[in-house]
Structure formats: C-alpha cells, structure tokens
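Those protein sequences? They're chains A and B, same order as listed. Residues in the first sequence are numbered consecutively from 65, following the working numbering. Residues in the second sequence are numbered consecutively from 1382, following the working numbering.
Treat the hints loosely; a few may be bogus.
Stretches of chain B that chain A covers, calculated by requiring three or more beta carbons in the stretch to come under 8 Å of a beta carbon on chain A [to be verified]:
{"hint": "1", "region": "1449-1455"}
{"hint": "2", "region": "1554-1560"}
{"hint": "3", "region": "1566-1575"}
{"hint": "4", "region": "1622-1631"}
Taking beta-carbon pairs under 10 Å as the criterion, some of the chain B residues facing chain A (in silico) [what the hints assert, rightly or not]:
{"hint": "5", "residue": "His1407"}
{"hint": "6", "residue": "Tyr1487"}
{"hint": "7", "residue": "Leu1488"}
{"hint": "8", "residue": "Tyr1695"}
Label-pair ranges, simulated between beta-carbon atoms [unchecked claim]:
{"hint": "9", "chain 1": "A", "residue 1": "Trp257", "chain 2": "B", "residue 2": "Gly1623", "range": "43 to 49 Å"}
{"hint": "10", "chain 1": "B", "residue 1": "Tyr1541", "chain 2": "A", "residue 2": "Asp236", "range": "43 to 49 Å"}
{"hint": "11", "chain 1": "A", "residue 1": "Tyr138", "chain 2": "B", "residue 2": "Gly1623", "range": "33 to 39 Å"}
{"hint": "12", "chain 1": "B", "residue 1": "Lys1633", "chain 2": "A", "residue 2": "Lys140", "range": "14 to 20 Å"}
Hints listed in this document are in silico derivations from the structure and should not be mistaken for laboratory results. Backbone N, C-alpha and C define an ideal beta-carbon position, used for all residues, glycine too.
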Amino acid sequence: MRNKGTLRQILLITDGCSNQGEDPVAMAALAHEQGIAVNVIGVLNENAPEYHRQGLKEVEDIAMAGGGISQVVYTKQLAQTVKMVTQKAMAQTIKGVVNAELQQILGSKSTMEDLPPDKRGEVMEVVDEMGETMNLEVLVLIDASGSMEDKMLTVQESLLDLSISLNSRIGDNEFSIFAFPGKKKEVEELLSWSSKMDSIGKIFSKITLGGITPTGPAIKEGIAAFSRKRSAKRSFLSSDTPGYTNESGM
Amino acid sequence: MIPQDIRTSPVCKLSVGEEIRGKWNHSRYRVRRRLGYGATGAVYLADSDHGVVALKIGHDQMSITSEVNVLKRFSKVQGKVLGPSLIEVDDWLKGKVTYPFYAMEYLKGETLFEFLRNKSTEWAGILLVQLLTDLHTLHQAGWAFGDLKPDNLLVTGPPYRIRWIDVGGTTIMDRSIKEYTEFFDRGYWGKGSRKAEPSYDLFSAGMVMINLAYPSRFTKGNNPDRQLQEKIAASPMLKPYGALLEKAWNGKYRYAEEMRNELVLLLNANVNNQTPQKLNNSVHKPPSRQAQKKKKGSFLVETSLVFMFVFIVYLFYMLGQTM
C-alpha cells in the first residue's frame, strides 16, 4: 500500500483560562508551523455563570492560531464532541492538502467548492479514503486544575470512546496523554505513545489536581513530544525511506 | 468554528414559497414545507420540474458531497430500490455564501412508531425481516448502513414496505462507521468496534427492535449484558425474539441472511400457535409459492409438447426416407 503520511493533532481539554507561563495562543501558532493542528474543547459546568463562558474565549483563539477546531460544550456532551472535533480536524487538514493540490493543477484560488458537483464527488472520495487510511497521532492535553475534578471521569470515558472510533479505521493510531499541572512539574506525561488507551483508567487515578493552569507550557511540551517521536522514527527509518518528507507538509 | 446549533443556520430558515435556483443546472425548486433537519442540514418538500421532491440543503460541502456519493452508489445496487433515488445535485447561492443541496425522490409514509401503533405486534417482526433482506443486499454490494435507527426508516405502502430515508452513515465495508447514534452503536455498549461489517448493522437492527418496545430508549448501566436480558424479559413484545436479539447483540450472526432466515422460522412458528385472525395477516407467502409451482407445471407441459412435435416431424422424415 502507498504510504499515506501522518496527521498530527493536539487535543486540549480545558475549563478555563491559562494563568502561567507562555502565551498558549503563541504556542499554538508555533505548533501549527510545524504541521501540528491544535484543537481545543472548552468544558462548561451545567450551571456555569456568564463570566465563565466569556473566559472560554481563549479556547477559540488557541484553535484558530493552531489551525484546528474549537468547541465549547457542557460536560455531558463531551464524548460526542471529542470524537467530532478530532474527526472534523482530520478532515479539515486533509481538505487543506487536497485544496493545495487542486490549486497546483487548476491554478491559484481553486478549491473543492469551485468544482462542479460531479467532480467534487470524486475528490471527496479521495478525501474519505485518506481520512480512513492515513496514520494519526493524537496528543491529549488534560487540564488538571482543581475545577476539573467532577469532569475527570467523563474525560476518561470520552477518550476511551475516541479510541474505539479511531481504532476502527484502517490507518494506524497512536495516542499520548499529558496532564497540566503535573505532580511535580508544570506538565506531566501520563501515557507515552501507544496505540491503545485501554489502560487509561489507571492513569487517571494518578492525576492529582492542582491550582494553576499552565496551558502555554503544556502545548510547548506537546510540540516537544512530537519532535522527540519524529527524530526517533527518523533514525529508525533512515535507511529504507529517505524520501519520507510528508512530515511538515501537513 | 462549527455552528453550535443547526437551527440557527439559514438552511433551516427557508420560508414557504421561497424559490431556490441551482448555480450549475439552473433548475428551480419552490419550497412547500420543511420535513425535518439533522446534523448536516435541513430537508424540505419542494415542487420542481421533476415533480414533488425532497430537497436537502446543507452548510457543509464535505458531508453533503459524501451523502450524494452514497446515494449515487445506491442507484447502482442492482435491481433493488434501497434508498430514495437521487435526482439532482447543485449549489444554492445566497448572498455571498454557497450552500450545497441535492434533490431526491420524496418517500411518503409513516414512521415505524406511527405504523405499529394500530397494527398487531407481529408486524414488528415482519418489518425486521424486510429490513434484514435489504441489509443483505447492501452488504453484498460492499456497504454497511451504519446509522440504523427508527428515525432513518419509513414504512411506505400498502403494500407495506420498510424503506431507508437517510443514508448519511453508509460506509464502505472494513472502514470506520461514518455516523451512528449511541443507543444503536455497539461501541457505546462495549460490544465491539465501529468497523463497517455486517455484524455492526445486525447489532443495530436488533436495537431497532428493542427501541420499538422502549420508545424513549435507555442509557447504559453497569452491566449491559444483564441489562439487555432484563429489558427483553420485561417486554411481552420482545420475549419471543429473545434468543435472536441476544445473538445479534453478541455479534453471533455473520450475515444478514442468517439472522433473517432464523427470524422467518420464528415468525412461522409463532403464527402456528396463534389465533386464526392473525394467521390471515402473515401467511402472505404461500400463494406466491403456489404460483411458482403452477409455473413449473406449465413449463413441464410445454417441454413435453415440444418433444412430441419434434418426434412427429422426425417420424415423417423417416417415413419420407424409407419411401
């Protein structure tokens, strides 16, 4: 089979504003520059006051800078949203790649929408197939500030459900999970790259909730985790696939 | 950013009598009324040069294009009408925004719940047989339905026939299911993956039956297996199908036909135990079988006539030779 390349995503789940370290919007822009899409889900309490909702404006800004998708939801819709955001973001990235290809063939400013419906259908089949077969790396950043306490179980269930959906695809998946703040550091790795999330029940029990929200440093750490993985893979693959440069194009 | 609520989108706010014109084919559609809306757009009843049609207008190019692709495939599944047939695909320009839309055949009928309200209970089984027959055809063609639930089904007729109205979840076999609804999704109940395969649809088909007995549905408890058994035992309508539903739940059927045949046997057996009034209803098949036999009989007569004719001609020929 043709090598389809890899999609890289950060999925940030938070319920409030960052209050420590680098600007998360800037870090998201930095991630985007390196081919990593940053998606953000803002979680609201069922009886959240209006000022809280305002505070989640940052959610949208981070996703926009990170070339990803954002959504603000109530806790009970979380599972559905985690999947929807991940899948929409994948489709959006792939569509971006396809549109870039179309522009090379049809001239600048052509997108899928400019094609007649029949042709559009054919392009869509390609997009569908890429979404199904490309490899996917998702790095989950979980806000472990005190206010997240009553949402942790739902976050855990949502991630398990996400892995059921993604592991039903043909392409390979790898997940990694970080919490911020960590026990001793600002950001702590809970699960290093793995294709399964079955064991996350145990991981979640290790989380200790802290007072601060270092969102910026968390995204920065996420980028570092991706590049560590990339360099490990590169040294591993260097002999057989020298032309494997799909990495930064995404 | 994704719109939070489809109801606030302009595609849900078309007024009665409003005219829509396609950007590419220039066909006109006049809106009669809204039939419903879902995650990807709204469906209207509309008048057009092609007669009365159902018009689906969306705001997301990709999902509408996906649906159109599926409907196109459906028209290629040989000899069977599985979903509504696709009439035309186009874009609608409103101001500076382009909304994709497509026109399809308008299927008139009742929802499963409406239909069963004033019918005897064995109809639920018969509808499920029909559903499994269609699923088998679809699976043979290399597709899984995905989002199987009463909302996506309709009963047309008489003669009563179950039909699919929303095919947005239809997925190529072995890929991951595109769209699903928790209650009908085996992944939600912890009973397997979301890979498109016959057993995925058969699980949902069983849950459709359970939904008919529990219209308001129910959420997952701590022990889903026991929960299912209890729900079946508590419903007189589901009880006769208990073994069948559990097999579907546990992914024991590999093909739709397997489940269908078992259900037909079950329905026949139930009919024998019941009142003659109900017999009338379900012994639909025998007349057609008799007709088939008659056909077979006439075929035999025809063959022997042809043979006799050939034999007589041969006799004359022999006579001619010897004289």
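| Hint by hint, which ones does this structure get wrong, listed from lowest number up? | Hint check: 4, 5, 6, 7, 8, 12 fail, others pass.
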